[in-house]
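Q: What follows is the residue order along each chain.
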Amino acid sequence: MRRFVLIAVPYLWLVALFLIPFVIVLKISLSDVALARPPYFPQLDLSAGWEGLTSFFAELDFENFWFLTTDDLYWKAYLSSLQIAFASTVMTLLVGYPIAYAMARAAPEWRPTLLMLVILPFWTSFLIRVYAWMGILSNEGLLNQLLLWLGAINEPLTILNTNTAVYIGIVYTYLPFMILPIYSALERMDDSLLEAAEDLGCSRLSAFWLVTVPLSKNGIIAGCFLVFIPTIGEFVIPSLLGGSGTLMIGKVLWEEFFSNRDWPVASAVAVILLLILVIPIILFQRNEQKQREAEG
Amino acid sequence: MRRFSWFNASALTLGFAFLYIPMIILVIYSFNASKLVTVWAGFSTKWYGELLRNEEFLNAAWVTIKVAVISSTIATILGTMAAYVLVRAGRFSGRTLFSGMIYAPLVMPEVITGLSLLLLFIGIGLDRGVLTIVLAHTTFSMCYVSVVVSSRLVSFDQSLEEAALDLGCSPFEAFRLVTLPIIAPAVISGWLLAFTLSLDDLVIASFTTGPSATTLPIKIFSAVRLGVSPEINALSTIMIAIVTIGVITASLITKQAAIRQARDERMAERPT
Chain R
1 MRRFVLIAVP
11 YLWLVALFLI
21 PFVIVLKISL
31 SDVALARPPY
41 FPQLDLSAGW
51 EGLTSFFAEL
61 DFENFWFLTT
71 DDLYWKAYLS
81 SLQIAFASTV
91 MTLLVGYPIA
101 YAMARAAPEW
111 RPTLLMLVIL
121 PFWTSFLIRV
131 YAWMGILSNE
141 GLLNQLLLWL
151 GAINEPLTIL
161 NTNTAVYIGI
171 VYTYLPFMIL
181 PIYSALERMD
191 DSLLEAAEDL
201 GCSRLSAFWL
211 VTVPLSKNGI
221 IAGCFLVFIP
231 TIGEFVIPSL
241 LGGSGTLMIG
251 KVLWEEFFSN
261 RDWPVASAVA
271 VILLLILVIP
281 IILFQRNEQK
291 QREAEG
Chain X
1001 MRRFSWFNAS
1011 ALTLGFAFLY
1021 IPMIILVIYS
1031 FNASKLVTVW
1041 AGFSTKWYGE
1051 LLRNEEFLNA
1061 AWVTIKVAVI
1071 SSTIATILGT
1081 MAAYVLVRAG
1091 RFSGRTLFSG
1101 MIYAPLVMPE
1111 VITGLSLLLL
1121 FIGIGLDRGV
1131 LTIVLAHTTF
1141 SMCYVSVVVS
1151 SRLVSFDQSL
1161 EEAALDLGCS
1171 PFEAFRLVTL
1181 PIIAPAVISG
1191 WLLAFTLSLD
1201 DLVIASFTTG
1211 PSATTLPIKI
1221 FSAVRLGVSP
1231 EINALSTIMI
1241 AIVTIGVITA
1251 SLITKQAAIR
1261 QARDERMAER
1271 PT
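In order, the protein sequence lines correspond to chains R and X. Each residue of the first sequence is one higher than the last, beginning at 1 in my numbering. Each residue of the second sequence is one higher than the last, beginning at 1001 in my numbering.
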């Protein structure tokens, strides 16, 4: 009995507030937009019994999904989200790897402090960290002032409200997610392997490519997924740092819902976004599982 | 063997400069006398004064803290239960679905979580406000709590619990007297994680709130969309200061606890 209550409480909570909402999204994505409250059609009318149920299902269709394929705004937004997510994952890896590497090579008594310095920004508000870049990247911002003062440029660069600013924002905010798994992989590495490689005639660089990188492979994969998956649906960064030309699906969904009030199309956008995410999520889980088995 | 490496030293310096300079600039400019955020016009704390007189911000801060405290507390209870179920309850029908529902919200884009919860609240005719944000935040943060707590539950020796049961404890007493003290650090960090997630959340709160409840991130977001403002810099500085103090205190406490535990274990091992 006690076991039953223990299982039932969190179970029912998640069914009510995670699973059912999801079914509702699926259902509304198959409905039509209507000038009513709530603004979609058909409504499920259980008081009409079986007939209400059949007429309800008869009204559902894939019209919204068809609409998404005809208006090129949507597939362009999906593609550009994937492209931005992919490119910024690569950039985060290039920035994060050397930091993780240097942390793992630092003197052991320094490592806890360095680790805390990486985690600290993670606890600070995401919104504030994105906002911090607005003052730096704007036309009169500090970066432009610095470059003008150095004489590197003659007129201010436009960075804010472009994709460049979005990339900077993503690399900045997601950097800890990349550093931590790579660091934990590198920290476990046995130094004597590198010494052995060098004794056997490897140069330091080829020892790095042949020993260090393969041994940190799982950390790299985990870090890349941890950056890539949330970036695809990102909303805050493109809406604060990006411009009107920055197409990302999270922003499109938000506007479809709040500005156009087209709930069925917003739901269809969400359903397709989720279908896109399923592939990287399954790959990520498989990688985690493999790692656990290798350790266990 | 370890030599000083210029490569490592510069990677660390540049890396941490990149992570911290934007926030340091934000803090410095919160003390700027000028309304223009890009021109330095001398030291002043007037934006902090303005902030404290701004009722809208104070109200939003109060709503945010209320939501964060309530939702993280419920999330910690539910998340700990869920972790216990995942690690200890063995097989039951629907276990796969259960663990799927625990892990899925961790990777779900916030826009989708927000949209789906909003559609549910409208569907059942629940008025949107503090209650709906609390429900939404509890749901996604309980999953984070259960991941943190279950990793601790997995690593701890189940025979301790069995010993307590053999010695006449009821299952609840065994949990309260044996299991809970051992997993307490994980439960506390789960609570802290849930609390910060709730404080921080813009997207899900925007979807699930109504006109009666505006949280701080929603307020900040609408102010910031119009551009940089010194008041927001002051607010950010306060938030950064709180987080920094909190994280440093927490790490000092856990360090001391670890030292104490190591000492206790040495004492216990000493032959009498």
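Think of the hints as simulated: they come from the structure by calculation, not from any bench. It cannot be assumed that every hint is accurate.
[Claimed, not checked] Listed next, the stretches of chain R that the computed footprint assigns to chain X, with coverage defined by at least 3 CB atoms under 8 Å from CB atoms of chain X:
#, region
1, 78 to 88
2, 136 to 148
3, 207 to 221
[Claimed, not checked] Cβ pair distances, simulated, as ranges:
#, chain 1, residue 1, chain 2, residue 2, range
4, R, L60, X, L1160, 31 to 37 Å
5, R, V278, X, E1265, 30 to 36 Å
6, X, D1157, R, L210, 28 to 34 Å
7, X, V1039, R, P112, 36 to 42 Å
8, X, R1263, R, P112, 48 to 54 Å
9, X, L1106, R, F67, 27 to 33 Å
Each residue gets a CB set at the ideal place from its N, CA and C atoms; glycine is no exception.
Q: Next step is simple, just say for each hint if it's right about the structure.
A: Now the hints, each set against the structure:
{"no.": "1", "hint": "78 to 88", "result": "violated (count 0)"}
{"no.": "2", "hint": "136 to 148", "result": "holds (count 6)"}
{"no.": "3", "hint": "207 to 221", "result": "violated (count 0)"}
{"no.": "4", "hint": "L60/R <-> L1160/X: 31 to 37 Å", "result": "violated (54 Å)"}
{"no.": "5", "hint": "V278/R <-> E1265/X: 30 to 36 Å", "result": "violated (46 Å)"}
{"no.": "6", "hint": "D1157/X <-> L210/R: 28 to 34 Å", "result": "violated (40 Å)"}
{"no.": "7", "hint": "V1039/X <-> P112/R: 36 to 42 Å", "result": "holds (40 Å)"}
{"no.": "8", "hint": "R1263/X <-> P112/R: 48 to 54 Å", "result": "violated (19 Å)"}
{"no.": "9", "hint": "L1106/X <-> F67/R: 27 to 33 Å", "result": "holds (31 Å)"}
When each numbered hint is compared with the structure, violations occur for hints 1, 3, 4, 5, 6, 8.
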